[in-house]
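S.K.: Take a look at the letters that make up each chain.
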Amino acid sequence: MANKANLYDVSRCTACRGCQVACKDWNQLPAVIEPFTGSYQTHEDTNGDTFTIIKFFESEDPVTGVHWNFIKRSCMHCLDAECVKACPQGAYMKSPSGATIHDPEKCIGCQYCTYACPFEIPKYRKREDKISKCTLCADRVEEGLTPACARTCPSGALTFGDRNELLQQAEARVKYLRKNGFPRATIYGKLELGGLNNIFVLTDTPDKFDLPVNPQPSATIGFWQNWVQPYFGWLIPLALAGSAMSFVTTRLLANKQGEHGHDHPVEGGHE
Amino acid sequence: MQFIPEYREDLPRVERFNFVSRMTHWGHTVTFILCLLTGLLLFMDGMDWMAPIFGGFNGANMVHRVAAVFMTLFIGIFVVFDFKGIINWIKDILRFGINDIKFIMVFPLEFLGFPVKVPPQTRFNGGEKGNSIVTPTCVILLMLSGYIMWFPMIFPAGLVRISYPIHDLAMIFATLMVCMHGYLGSFHPGSGESFWGMWKGTVRKDWAQHHHAIWYEETYGDKTKDAE
Ligand code: HEM
Ligand code: HEM
Ligand code: SF4
Chain B
126 MANKANLYDV SRCTACRGCQ VACKDWNQLP AVIEPFTGSY QTHEDTNGDT
176 FTIIKFFESE DPVTGVHWNF IKRSCMHCLD AECVKACPQG AYMKSPSGAT
226 IHDPEKCIGC QYCTYACPFE IPKYRKREDK ISKCTLCADR VEEGLTPACA
276 RTCPSGALTF GDRNELLQQA EARVKYLRKN GFPRATIYGK LELGGLNNIF
326 VLTDTPDKFD LPVNPQPSAT IGFWQNWVQP YFGWLIPLAL AGSAMSFVTT
376 RLLANKQGEH GHDHPVEGGH E
Chain W
108 MQFIPEYRED LPRVERFNFV SRMTHWGHTV TFILCLLTGL LLFMDGMDWM
158 APIFGGFNGA NMVHRVAAVF MTLFIGIFVV FDFKGIINWI KDILRFGIND
208 IKFIMVFPLE FLGFPVKVPP QTRFNGGEKG NSIVTPTCVI LLMLSGYIMW
258 FPMIFPAGLV RISYPIHDLA MIFATLMVCM HGYLGSFHPG SGESFWGMWK
308 GTVRKDWAQH HHAIWYEETY GDKTKDAE
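As given, the protein sequences belong to chains B and W, one line each in that order. Start counting the first sequence at 126; every next residue gets the next number (the working numbering). Start counting the second sequence at 108; every next residue gets the next number (the working numbering).
Heads up, some of the hints might be wrong.
Stated by the list, open to error - Label pairs and their computed distance ranges (CB to CB):
no. : chain 1 : residue 1 : chain 2 : residue 2 : range
1   : B       : Asp335    : W       : Phe262    : 32 to 42 Å
2   : W       : Phe262    : B       : Arg252    : 17 to 27 Å
3   : B       : Glu245    : W       : Asp152    : 47 to 57 Å
4   : W       : Asp152    : B       : Ile158    : 37 to 47 Å
5   : B       : Arg252    : W       : Pro215    : 51 to 61 Å
6   : W       : Val223    : B       : Ala369    : 15 to 25 Å
7   : W       : Asp155    : B       : Ala369    : 33 to 43 Å
8   : W       : Asp155    : B       : Phe348    : 17 to 27 Å
9   : B       : Ala344    : W       : Pro215    : 54 to 64 Å
10  : W       : Phe262    : B       : Leu363    : 32 to 42 Å
Claimed, not checked - What the simulated footprint calls covered on chain W by chain B, stretch by stretch (three residues with Cβ under 8 Å from a Cβ of chain B suffice, anywhere in the stretch; the number is not a length):
no. : region
11  : 158-172
12  : 206-220
13  : 226-237
14  : 272-282
15  : 292-302
To be verified - List time: in silico DMTMM-like cross-link candidates among lysine to aspartate or glutamate, alpha-carbon distance up to 25 Å:
no. : chain 1 : residue 1 : chain 2 : residue 2
16  : B       : Lys219    : W       : Asp199
17  : B       : Lys210    : W       : Asp199
18  : W       : Lys330    : W       : Asp152
19  : B       : Lys231    : B       : Asp174
20  : W       : Lys191    : W       : Glu122
21  : B       : Lys300    : B       : Glu230
22  : B       : Lys304    : B       : Glu230
23  : B       : Lys149    : B       : Glu268
24  : B       : Lys231    : W       : Asp117
25  : W       : Lys330    : W       : Asp313
26  : B       : Lys149    : B       : Glu185
27  : W       : Lys312    : W       : Asp199
28  : B       : Lys210    : W       : Asp152
29  : B       : Lys149    : B       : Asp254
30  : W       : Lys209    : W       : Glu325
31  : B       : Lys219    : W       : Glu122
32  : B       : Lys231    : W       : Asp313
33  : B       : Lys251    : B       : Glu230
Hints listed in this document are in silico derivations from the structure and should not be mistaken for laboratory results. Beta carbons are placed, not taken as given, at the ideal position from N, Cα and C, and that holds for glycine.
Please model the complete structure; the sequences and the hints are all you need to start from.
M.R.: Listed below in structure tokens is the structure:
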């Protein structure tokens with residue numbers, strides 16, 4: 126099956142947060158109430174029981190004035206996902222439609238995936254000692270439905286469908302936006318990290334939305350996964366083999382050279 | 108075949124390790140091995156069959172953390188109750204000199220059982236001095252990175268990310284040393300007598316004279332008797 130993606134068009138989003146509610150509803154996630162911080166944003170970040178949130182950013186530009194940006198944050202469903210590679214339990218897999226799904230049965234809560242993820246999306250769910258995150262509603266998609274968020278969105282900001290078709294749509298939209306008052310409009314998720322199944326049409330540069338510009342897999346995690354784990358461990362059997370060899374040779378040599386001393390205290394010795 | 112050299116009560120013996128260092132050494136040995144076995148479950152692919160011993164992966168995680176806490180406690184007890192011993196240990200490591208270098212050069216032959224001439228050694232020989240630096244350094248790194256991995260939410264993400272390779276590398280180098288160290292401190296015919304120093308506290312007098320001549324002279328030699 127071809128990659129199926131969610132296209133999120135910032136310029137169409139009204140920040141009604143219908144998607145946030147629909148997500149809670151479909152995934153039967155309990156409410157997580159965080160204290161009011163003076164922002165419209167409901168939660169500081171996604172969490173174990175909140176797979177998607179709308180983030181709000183206020184910025185002031187001396188020329189163009191005050192800007193109020195918002196963006197939907199959730200798992201990016203990278204085509205080549207870091208969490209899949211980092212998990213020691215093989216708890217992650219790619220669904221036939223390209224969603225990154227996580228099996229709580231296999232998860233042991235080590236949280237390696239949280240820190241391997243360039244977006245720190247997998248979140249620890251304390252009450253279960255496991256990780257949880259957005260599934261791109263793989264269960265619904267399998268049944269031919271669209272993800273709960275995309276189905277709910279009243280303004281047409283979220284569209285679910287074939288990734289290639291959505292990319293064309295997104296590019297046309299970016300062209301239009303650039304001509305109509307958003308010269309820095311851009312597409313995000315087409316090439317980033319080898320492609321994401323969450324594609325964004327942004328009205329400004331990614332950093333204005335707290336998205337990493339040109340994200341890269343963590344170098345330390347890569348060193349750990351690609352070098353330390355496969356190769357360095359061989360030093361241990363080497364040490365064991367050395368000791369086993371010594372166990373044999375010390376005893377053989379002791380027999381051959383008569384008494385090499387150690388077994389015979391008092392008389393024996395090194396000299 | 109003989110494994111550990113026989114414990115000879117009939118021969119004169121001298122004290123090598125006090126109770127606190129013996130108790131904490133075996134304490135951190137047992138907890139280290141528990142941490143190692145439960146940690147290898149995650150590190151290696153072919154270890155899954157061992158998980159049920161610890162009650163599955165979640166049980167192994169629990170064992171890893173409980174053992175880690177106890178290991179930290181044993182090391183803490185050692186530091187607090189045998190502080191003088193640690194200072195003397197460090198002082199001895201700092202005496203690293205030409206005899207230690209000579210020791211390390213001939214050690215591979217000695218290790219395999221060839222009769223070699225070894226220059227007189229202080230309390231810890233050249234190899235033990237090396238082990239005394241590498242293994243404790245790795246254990247400290249294991250503890251620091253381990254607690255960061257345990258509570259990643261309260262540390263900066265960059266620190267958590269670097270803790271993973273550090274924990275594994277420290278585990279590998281510590282285990283590599285411990286494999287040879289554990290063998291030398293037990294089944295090796297030459298140095299195996301030291302096992303009794305760590306188990307019962309004393310080693311054979313003649314063994315101490317041969318293996319740690321400088322230490323023996325300074326601690327139990329004629330000069331010390333004159334001074335009394
Ligand atoms: C204070 C001491 C230690 C602490 C707090 C600690 C903590 C941890 C934690 C939190 C993990 C992540 C997996 C999990 O959730 O269980 C882990 C993994 C691991 N630990 Fe430790 N640990 C300690 C000491 C040790 C020691 C002494 C060894 C072995 C000699 C060891 C070997 C490992 C290994 C091999 C892994 C798996 C790493 C991987 O998946 O690549 N740890 N440890
Ligand atoms: C596997 C079983 C082990 C055995 C049989 C063993 C045995 C011994 C013995 C006999 C000594 C005294 C050596 C002497 O007379 O100077 C010793 C010292 C020491 N042990 Fe162990 N040990 C074991 C595991 C460990 C582990 C797991 C650690 C640390 C992680 C460790 C750390 C040390 C250190 C730092 C010393 C002092 C320096 C030295 O003598 O190398 N040992 N051990
Ligand atoms: S927390 Fe769970 S899903 Fe994430 S890496 Fe660890 S075992 Fe895998």
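S.K.: Compare the structure with each hint and give your call.
M.R.: Results of checking the hints against the structure:
In this structure the hint that Asp335(B) and Phe262(W) lie 32 to 42 Å apart at CB is violated, the actual value being about 21 Å. Range check, Phe262(W) to Arg252(B): Cβ separation about 22 Å, and the 17 to 27 Å hint holds. Roughly 26 Å separates the CB atoms of Glu245(B) and Asp152(W), a value that falls outside the hinted 47 to 57 Å. Between Asp152(W) and Ile158(B) the CB atoms are about 42 Å apart, so this pair conforms to the stated range of 37 to 47 Å.
The hinted range of 51 to 61 Å is satisfied by Arg252(B) and Pro215(W), whose Cβ atoms lie roughly 55 Å apart. For Val223(W) and Ala369(B), the hinted distance range of 15 to 25 Å is satisfied, since their beta carbons lie about 21 Å from each other. For Asp155(W) and Ala369(B), the Cβ-Cβ distance of about 25 Å falls outside the hinted range of 33 to 43 Å, so the restraint is violated. For Asp155(W) and Phe348(B), the Cβ-Cβ distance of about 25 Å falls inside the hinted range of 17 to 27 Å, so the restraint holds.
A C-beta distance of roughly 37 Å is found between Ala344(B) and Pro215(W), which places it outside the suggested range of 54 to 64 Å. Distance hint check: the CB atoms of Phe262(W) and Leu363(B) are about 33 Å apart, consistent with the given range 32 to 42 Å. Here the region 158-172 of chain W counts 3 residues with a CB under 8 Å from a CB of chain B, which clears the bar of 3, and the coverage holds. For the region 206-220 of chain W, the proposed coverage by chain B is satisfied: 3 residues have a C-beta within less than 8 Å of a C-beta in that chain, meeting the threshold of three.
Evaluation of the coverage hint for the region 226-237 of chain W: breached, as 0 residues show C-beta separations to chain B shorter than 8 Å, against a requirement of three. Judged by the Cβ-Cβ criterion of 8 Å, the region 272-282 of chain W is covered by chain B as claimed, because 6 of its residues qualify and three suffice. Here the region 292-302 of chain W counts 6 residues with a CB under 8 Å from a CB of chain B, which clears the bar of 3, and the coverage holds. Using a Cα cut-off of 25 Å, the hinted pair Lys219(B) and Asp199(W) is violated, with the two alpha carbons roughly 57 Å apart.
Under the criterion of a C-alpha separation no larger than 25 Å, the hint pairing Lys210(B) with Asp199(W) is inconsistent with the structure, at around 46 Å. A threshold of 25 Å between alpha carbons decides the hint, and for Lys330(W) with Asp152(W) the separation of about 58 Å lies outside it, so the pair is violated. Between Lys231(B) and Asp174(B) the CA atoms are separated by roughly 19 Å; this keeps the pair inside 25 Å, and the hint holds. Restraint check: the Cα-Cα separation between Lys191(W) and Glu122(W) comes to about 16 Å, which is no more than 25 Å; the hinted pair holds.
Annotation: proposed proximity of Lys300(B) to Glu230(B) is violated, straight-line Cα distance about 45 Å (limit 25 Å). Using a Cα cut-off of 25 Å, the hinted pair Lys304(B) and Glu230(B) is violated, with the two alpha carbons roughly 50 Å apart. Between Lys149(B) and Glu268(B) the CA atoms are separated by roughly 19 Å; this keeps the pair inside 25 Å, and the hint holds. Restraint check for Lys231(B) and Asp117(W): the C-alpha separation of about 58 Å exceeds 25 Å, so the hint is violated.
The straight-line distance between the Cα atoms of Lys330(W) and Asp313(W) is roughly 17 Å, inside the 25 Å bound, and the hint therefore holds. A C-alpha spacing of about 33 Å is found between Lys149(B) and Glu185(B), which places the hinted pair above 25 Å, so the restraint is violated. For the given pair, Lys312(W) sits about 20 Å from Asp199(W) by alpha-carbon distance, which is consistent with the 25 Å threshold. The straight-line distance between the Cα atoms of Lys210(B) and Asp152(W) is roughly 13 Å, inside the 25 Å bound, and the hint therefore holds.
The suggested pairing of Lys149(B) with Asp254(B) holds, with an alpha-carbon distance near 20 Å, which does not exceed 25 Å. Using a Cα cut-off of 25 Å, the hinted pair Lys209(W) and Glu325(W) holds, with the two alpha carbons roughly 21 Å apart. With a C-alpha separation of about 63 Å, the suggested pair Lys219(B) and Glu122(W) falls outside the 25 Å cut-off, and the hint is violated. Taken as a hint, the Lys231(B) and Asp313(W) pair is broken in the structure, with Cα atoms around 57 Å apart against an allowance of 25 Å.
A distance of roughly 15 Å separates the Cα atoms of Lys251(B) and Glu230(B); the hinted pair therefore holds under the 25 Å criterion.
Checked against the numbered hints given earlier, this structure breaks hints 1, 3, 7, 9, 13, 16, 17, 18, 21, 22, 24, 26, 31, 32; the rest are met.
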